[in-house]
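Fit chains B, C, D, E and F to the supplied structure of chain A, relying on the hints for placement.
There are 6 protein chains.
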Amino acid sequence: MLAWCLLPWISHARYTLGVRDSLMIAHSFHKHPAFGPAGGMHGATYTCDVEFQCESLHPETNWVLDIGLALTLLGKVLEKYNLKNLDELFGTQVMTTTEFMARQIHDDLYQLLQEQCPEFEGDICVKLWESHKAWASYTTTTTSSKK
Amino acid sequence: MLAWCLLPWISHARYTLGVRDSLMIAHSFHKHPAFGPAGGMHGATYTCDVEFQCESLHPETNWVLDIGLALTLLGKVLEKYNLKNLDELFGTQVMTTTEFMARQIHDDLYQLLQEQCPEFEGDICVKLWESHKAWASYTTTTTSSKK
Amino acid sequence: MLAWCLLPWISHARYTLGVRDSLMIAHSFHKHPAFGPAGGMHGATYTCDVEFQCESLHPETNWVLDIGLALTLLGKVLEKYNLKNLDELFGTQVMTTTEFMARQIHDDLYQLLQEQCPEFEGDICVKLWESHKAWASYTTTTTSSKK
Amino acid sequence: MLAWCLLPWISHARYTLGVRDSLMIAHSFHKHPAFGPAGGMHGATYTCDVEFQCESLHPETNWVLDIGLALTLLGKVLEKYNLKNLDELFGTQVMTTTEFMARQIHDDLYQLLQEQCPEFEGDICVKLWESHKAWASYTTTTTSSKK
Amino acid sequence: MLAWCLLPWISHARYTLGVRDSLMIAHSFHKHPAFGPAGGMHGATYTCDVEFQCESLHPETNWVLDIGLALTLLGKVLEKYNLKNLDELFGTQVMTTTEFMARQIHDDLYQLLQEQCPEFEGDICVKLWESHKAWASYTTTTTSSKK
Amino acid sequence: MLAWCLLPWISHARYTLGVRDSLMIAHSFHKHPAFGPAGGMHGATYTCDVEFQCESLHPETNWVLDIGLALTLLGKVLEKYNLKNLDELFGTQVMTTTEFMARQIHDDLYQLLQEQCPEFEGDICVKLWESHKAWASYTTTTTSSKK
Chain A
1 MLAWCLLPWI SHARYTLGVR DSLMIAHSFH KHPAFGPAGG MHGATYTCDV EFQCESLHPE
61 TNWVLDIGLA LTLLGKVLEK YNLKNLDELF GTQVMTTTEF MARQIHDDLY QLLQEQCPEF
121 EGDICVKLWE SHKAWASYTT TTTSSKK
Chain B
1 MLAWCLLPWI SHARYTLGVR DSLMIAHSFH KHPAFGPAGG MHGATYTCDV EFQCESLHPE
61 TNWVLDIGLA LTLLGKVLEK YNLKNLDELF GTQVMTTTEF MARQIHDDLY QLLQEQCPEF
121 EGDICVKLWE SHKAWASYTT TTTSSKK
Chain C
1 MLAWCLLPWI SHARYTLGVR DSLMIAHSFH KHPAFGPAGG MHGATYTCDV EFQCESLHPE
61 TNWVLDIGLA LTLLGKVLEK YNLKNLDELF GTQVMTTTEF MARQIHDDLY QLLQEQCPEF
121 EGDICVKLWE SHKAWASYTT TTTSSKK
Chain D
1 MLAWCLLPWI SHARYTLGVR DSLMIAHSFH KHPAFGPAGG MHGATYTCDV EFQCESLHPE
61 TNWVLDIGLA LTLLGKVLEK YNLKNLDELF GTQVMTTTEF MARQIHDDLY QLLQEQCPEF
121 EGDICVKLWE SHKAWASYTT TTTSSKK
Chain E
1 MLAWCLLPWI SHARYTLGVR DSLMIAHSFH KHPAFGPAGG MHGATYTCDV EFQCESLHPE
61 TNWVLDIGLA LTLLGKVLEK YNLKNLDELF GTQVMTTTEF MARQIHDDLY QLLQEQCPEF
121 EGDICVKLWE SHKAWASYTT TTTSSKK
Chain F
1 MLAWCLLPWI SHARYTLGVR DSLMIAHSFH KHPAFGPAGG MHGATYTCDV EFQCESLHPE
61 TNWVLDIGLA LTLLGKVLEK YNLKNLDELF GTQVMTTTEF MARQIHDDLY QLLQEQCPEF
121 EGDICVKLWE SHKAWASYTT TTTSSKK
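Chains A, B, C, D, E and F supply the protein sequences, listed in that same order.
Counting in my numbering, the first sequence runs from 1 upward without gaps.
Counting in my numbering, the second sequence runs from 1 upward without gaps.
Counting in my numbering, the third sequence runs from 1 upward without gaps.
Counting in my numbering, the fourth sequence runs from 1 upward without gaps.
Counting in my numbering, the fifth sequence runs from 1 upward without gaps.
Counting in my numbering, the sixth sequence runs from 1 upward without gaps.
FYI, nobody ran anything at the bench for these hints, they're computed from the structure.
Treat the hints with care, as some may be off.
Stated by the list, open to error - Interface residues of chain B toward chain A, partial, derived using beta-carbon atoms under 8 Å:
1. S22
2. H42
3. T47
4. L69
5. K84
Said to hold, decoys possible - Coverage of chain F stretches by chain A, computed from C-beta distances (three or more under 8 Å per stretch; other residues unrestricted):
6. 64-70
7. 102-108
8. 125-136
C-beta: ideal position from N, C-alpha, C; glycine also.
Just chain A, same shape as in the assembly (with noise of 0.2 Å):
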């Protein structure tokens, strides 16, 4: 294939490669006061961006990962959340914002990439839409071993 290399002023170069799905949950905050209206019950679409970022492309492929794959592992890490009262898989201690929720995907992805995917090695950023006006993410970098 290609044997490429940086042009010579570039120290530094990343790849993403970016899918999107979304999901359909209910919860509360637990009439917490500092919720005000949105303490009861409610629920959100969060439309659910991913982004997978590593350095170099697969050598055959030109590929971060397979785009195929990419969507096909999102939609089992979704399928845990859609649909649900998130009140009732996390309890009532916990408060399920959008920013707890991102982390939550991104954990859940991490951890199916490790078992489905282990060639994969970069970082990954999960955010969510609540709406046309408000979004939430969480984005990790990989210790330099792990990369």
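Leaving out everything else, chains B, C, D, E and F in the frame of chain A:
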């Protein structure tokens, strides 16, 4: 102001003003088997697009409707449902689909408009996005006597 | 369920359910000079928005159509064209413009719907986005006997 | 090319071609009290979506209109207003609302189309997005003799 | 609440909360020749996306920041510029580009946040969309002592 | 102009200018089994978002880069690939994934920028949307000597 007449070959014209807001609700489909896993308690963010349609502009302001008023009225209507559990609002016999909620919001808005802006004589379309890949709408045409 | 009647001043009402999917195709315009550089082999991603329109909701489920069925039927239709070379499917005499493809998908979907969901009596609009700044659609109205 | 006939139960069909461009303008509402703080000099980016609608495709090219021509004609019309102060163009008596500008662009485009593409016999809809949560449009239907 | 620890191979993590609002302004580039036709008086709608970034969530609420507070603070900042002529606010020596305004909004928001929410220790990114095809942003990293 | 200094607790700042364009291409993955049905000839519309990043604005114009120049340079680069069959441009050994194309466009743009705008000292990110639910990007950091 302007004394407009239609271009000669035009038989009908329509102006639209549109505004967007959103709401977050919980609901179930009462374990009705037709809804599969959506039968249980879950939720949604609805991005709500409303269009106000009429045939001529206000002669002094050149608007369909005051956009600030449009946003305020829509906000008042959405407050009835935002951050609520629709199962509590509508009882266990009603399937609160996106289509159904589009009509509810339409009818509420129509009545509020009658009270607070009776000079508006036109049609309303309410469109609710339930995810990045699905939506529903409800549109009406008023009788000519109303127009 | 609900015994709804229209608000008194409303003469006509219409519900819509919409779903989105996408497909990726190659095609040419057979070097026809009217298409300039687009005459040669190139391709497109079409984001495909379909709207199903009718005048009343299903009395038990309050839906226009089962949204899962809508997505499944659309997926089946798009499978015919997705990841294909339209020049091979339609031959060298047909200009497979976005307008043309909107109609193809419309007609295929209509026929599938007749077979698999004959109780749906309404209209279909198919809209294909070919880029962030261009799209085409095809919409039909059925005869009243069908309605 | 294709000898299409409508599916038997379809009484009416319509094709649409849509294109998007944008313009940036300054204007005021001449300190008219109905507009509140928008009475003074401010401005807007209008994302401009135009739809050209007709009942049949060009028999040779299968298009509603040459998309390159559509974009060129729209560009020419927007040039009249882009990067301008509408108060200078329309004087101190005209309220240059988004609704008003949708009609201006519509009428200009209609006349340009008459001159440069008289074979197009159809309708035009101009939609202007003024923000992420507000828009206006102007749509016309031509008389049947024109069609 | 939760006693989370990072997955073993993760060296760094970051949460983000994002909110969207918009503003409409007039300005010129003081007839500076580098700006061509944009040198004269015109205007823009800026869709304003702000991201608040930090390394850990609030221990009780699991949020980066109260989303209601985030929207309120952003609203207060935008009020300074919304529906204004930037030439009057910044004088005839300043080129009020989208880049410049992203920084203004960032700095204003930072200072307001210091006063009203001093417990937030993190970074801010302000992104302004000036059209459907152009945007600018300004992002900062705080010193570790602040973090 | 302005003599700005960073807010005291800020250690690093970055400006970004972003522009959007699109291109339509045909390609195959040379029947490589890893790509399944995408191995054959098909195509894509890539919505192309480019971000130019740097640490300070031009002292006279307050811009990262002339936005007109940014759009022109991007247009020139995309012309190489737009409405082409990538299999003809890159041969039968190269997998022209979205990731690969993001890098091509990045490298081409970098070189054009070196020639036509050598005073720009910053980084570039190229993001290609291949559908409403998938995208890829390529981002680089330049060495400090270049900065």
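Checklist entry - Are there at least three residues in the segment 125-136 of chain F whose beta carbon sits under 8 Å from a beta carbon of chain A? => result Per the Cβ count (6), the hint holds.
Item to check | Closest C-beta approach of B/H42 to chain A relative to 8 Å, hint status | outcome: Result: holds, 4 Å to nearest chain A Cβ.
Checklist entry - If you take the shortest Cβ to Cβ gap from B/T47 to chain A, is it below 8 Å? => result 5 Å, holds
Next on the checklist: Next item in the hint list is B/L69. Is there a CB on chain A closer than 8 Å to its CB?
Outcome noted: At 21 Å from the nearest chain A Cβ, B/L69 fails the 8 Å test, so the hint is violated.
Next on the checklist: Hint validation: B/K84 versus chain A, beta carbon distance must be below 8 Å. Holds or violated?
Outcome noted: With Cβ-Cβ at 6 Å, under 8 Å, it holds.
Next on the checklist: At least three residues with a C-beta closer than 8 Å to a C-beta of chain A: is that true for the segment 102-108 of chain F?
Outcome noted: holds (count 3)
Next on the checklist: At least three residues with a C-beta closer than 8 Å to a C-beta of chain A: is that true for the segment 64-70 of chain F?
Outcome noted: As far as the segment 64-70 of chain F goes, the hint is violated, because 0 residues have Cβ atoms under 8 Å from chain A.
Next on the checklist: Quick check on the hint: B/S22 CB to chain A CB, less than 8 Å?
Outcome noted: It holds, given that the least Cβ distance between B/S22 and chain A is near 4 Å, below 8 Å.
This entry does not satisfy hints 4 and 6, going by the numbered hints stated previously.
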